[in-house]
Amino acid sequence: MPGFGASAGVTESSKSAFHLWQGFSIGAVIIGALVVFLMLWAVVRYRRKGDRIPEQHQYHLPLEVIYTVVPILIVFGLFAATLVVENKATANPKTDVVVNVNAFQWGWQFLYPGTNALVYGQTTESPIMEIPVNTNVHINLTSTDVIHGFYVRAFNFSRYALPGVVNQFTIRAQSTGTYFGQCTQLCGLYHSLMFFRVKVVTASQYATWLATFNNPTDIANAAAALKTTNAELASGVASKTSYTKFGR
Amino acid sequence: MTDVLHPPVHVEHHDGAHEEHHGPTGILNWLTSTDHKVIGLSYTVTSVIMLVIGGLFAEIIRGQLASPNGSLVSLAQYNELFTMHGSVMIYLFAGPFAFGALANIMVPIQIGAPDMAFPRLNALSYWLYLTGSITMLSGFFTAGGAANFGWVGYAPLSNSLNTPGAGADLWIGGLLLTGFSAIFTGVNLVATIFYLRAPGMTMFRMPIFTWNMLVTAILILLAFPVLTAGLVMLYADRHFGTHIFSVAGGGVPVLWQHIFWFWGHPEVYILALPFFGMVTEVIAVFSRKPVFGYKGMIFATLTIAALSLGVWAHHMFTTGVVLLPFFSIMSLLIAVPTGIKMFNWIGTMWRGQVWFSTSMLMALGFLFTFLIGGLTGIYLASPPLDFFTHDTYFVVAHFHSVVMALVLGAMAGLYYWGPKISGYLLNERIGKAQFWFLFIGTQVFTFPLYILGLQGMPRRMAVYPNDPQWKTLNDISTLGAVLIGISTIIFVINVVVSWKKYPAGDNPWDAQTLEWFTTSPPPHHNFYRLPQIRSERPTWDHNHPDYRSLHHGEHEGVHEVEGTHV
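Going line by line, the protein sequences match chains E and Y. FYI, the working numbering numbers position 148 of the first sequence as 149, with every residue one higher than the one before it. FYI, the working numbering numbers position 422 of the second sequence as 426, with every residue one higher than the one before it.
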């Protein structure tokens, strides 16, 4: 079945969203083709051929009822399919890994509670959020200044990072790889450059990666960095230049 | 065709007294006039200038995006340009052109009224609109530049901390002024339509355009005060130390989005309904048939208006805080009355005599472009699909299909009603050239953007990752924008070339509604006399007494009478 421009993505919910996309697209193509055909037929078949005045038909109640009722039925079908997929996409199942994602002008901070891992970087440094494959990863998303958009195309998903609100959702990536992410909500001057990556790795690679944060020097560095970054994030829109030097 | 075959029944005897009514002439007339036609013409000229200004911004934006690391403008200038492009097009062109220009001129004439109900309020509306437009655009001349937070002005990006400049305040001020202008025009239209209809002009004999303007005016009265209140709150947050939209003081940033979109989604239909009305009239006249399903069309319009007040949160699905199925089903349901309209338009052409005038071509271009915009809109009503298209170029492509359809509709209206206002026709050959550039340009411009969005390109990006496919798609889109720009130049050439060249006569299109019964241009108080009004097509009934509208199953007795034409 054609993808109609979209792709299946790498998570469970990205695939069901993609199938919903295909369903909507088939409907759109059929209805669109029907309407275009009727339009073309009308303008070609009934193009002006002379000065004869055509019959002045104005009402055809049975026909009008049909093209009211049939679209209503189609709409309820689309709505039912939407509900099924939406409930899946927004479900919050039991999770094993939690990542606190903090968006700011103009970068990202990924904090792994219960571990020493902390990743941050601004604009084109593209900080990398590392997560294990085939695992429910719970994301707590928030912003420290203006509204940002957490968007990963391979997940067929985006969610606003809102100041003062923690948005929660669960990702279950099904194949390893590095995926491109970007801020989608206009957030000021460097909005176009607010990139990040999501790196999906195996469980053992993930454990190894977490362990790299565990030697005493790194712990001390991370604690100091966390203190500095959080202080800066809390201060509002103060200069974020210091982030550059902490970039991984 | 303009021969009067039957003595008019309802005659207003003024014997040219109105011609002597004219006081000052020239610029003084323009400055002091309360005539709805003069004010409407001022609106027309001002809003078309805004269309050109907004179009120039668009061409610069497309120029910047022609390469991934475009250096035509800086990041800061780019943010100002797309903010002002959207603001100018939506606040200063589309709305004022629809209800300030065409409705202002046509609604009183379509219902046989001498003027709007409140002529001086009408003049105030125009002057508020003009000063509001100048106020908003003057942001470019301030030190910090014009507003740069997008035409939606989301808090907290739009607060004084993140956007300290005066350009943002001028944007708020300009929008407040044009907002009041819209509210006053809404009051005026409702009062005019309810109280100044000619004898015999019942509600269900009003032309579809007037009906749509009534519904639009009611939507304006319901929606615009909410925006006004929101703007005052935003201004208070910026300058008076309130914390309505800032977390720091216990406020809620998302509240701005609720307020903005509670206005913003009805606004979509405030912009669209007038153009639906224009296109309906054009299709009926150039098919030489009555509007198919006239009453169903009106009920579809009312349904769209009612639903439009309950769908605002579909702009906010990805905020995660209003993910209610209610907003999804309401948004999907709007497809139903819109579909009814689409089928009614096709039904109007069916078994007609479709005359491919420039106006009709523009209306057909509207049908196709709006179909694309409508179908892609259905996806966005479904939250799981909205999640991955929101704030990408897919959304940009969707609403540009819709608004470019409205531009085609506006052109259909200008070619159709222009002769009534000016007394002169535009050149049809040049008009058709304009149509093809505009129509093809629109499709070339929007189609690559749909693909770009699905490939993950977010909107409002001054620079984008260096992907050869993204560059190609952006280049094709830029080419489309250039074609649209050329079509605008052709339009200007047409106006210059046709200036007072082709006299139109009273009824050049063998049209149906009341405005075509009077002279072109109409006299000071619009009518010397009125025909009998016994259906929604008084002029047609007068010119073709043997061709009344038929219900399903009915047939006309006489066929072979020679019809009238140009």
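If you are wondering where the hints come from, they were derived from the structure by calculation, not from laboratory data. Bear in mind that the values here come from a model prediction, so they are computed numbers and not experimental data. One or more hints might be untrue.
Unchecked claim - Far from chain Y, by Cβ distances over 12 Å, these chain E residues were calculated: (1) Asn-168; (2) Thr-179; (3) Ser-193; (4) Val-202.
To be verified - So the derived label-pair ranges between C-beta atoms look like this: (5) Leu-328(Y) <-> Leu-64(E): 19 to 25 Å; (6) Gly-509(Y) <-> Phe-77(E): 33 to 39 Å; (7) Ala-252(Y) <-> Thr-96(E): 28 to 34 Å; (8) Leu-79(Y) <-> Trp-42(E): 36 to 42 Å; (9) Asn-470(Y) <-> Gly-6(E): 17 to 23 Å; (10) Gln-23(E) <-> Leu-328(Y): 23 to 29 Å; (11) Pro-94(E) <-> Ala-252(Y): 32 to 38 Å.
As the list claims (entries may be wrong) - With a straight-line Cα cutoff of 20 Å, these simulated DMTMM-like cross-link-like pairs (lysine to aspartate or glutamate) come out: (12) Lys-475(Y) <-> Glu-63(Y); (13) Lys-200(E) <-> Glu-126(E); (14) Lys-505(Y) <-> Asp-550(Y); (15) Lys-200(E) <-> Glu-131(E); (16) Lys-299(Y) <-> Glu-56(E); (17) Lys-50(E) <-> Asp-471(Y).
Positions of the beta carbon are idealized from the N, C-alpha and C atoms, including for glycine.
Under the constraints set out in the numbered hints, which ones does this structure not fulfil? Numbers 1, 3, 5, 6, 8, 14, 17 - these are the hints that the structure violates, sorted from lowest upward.
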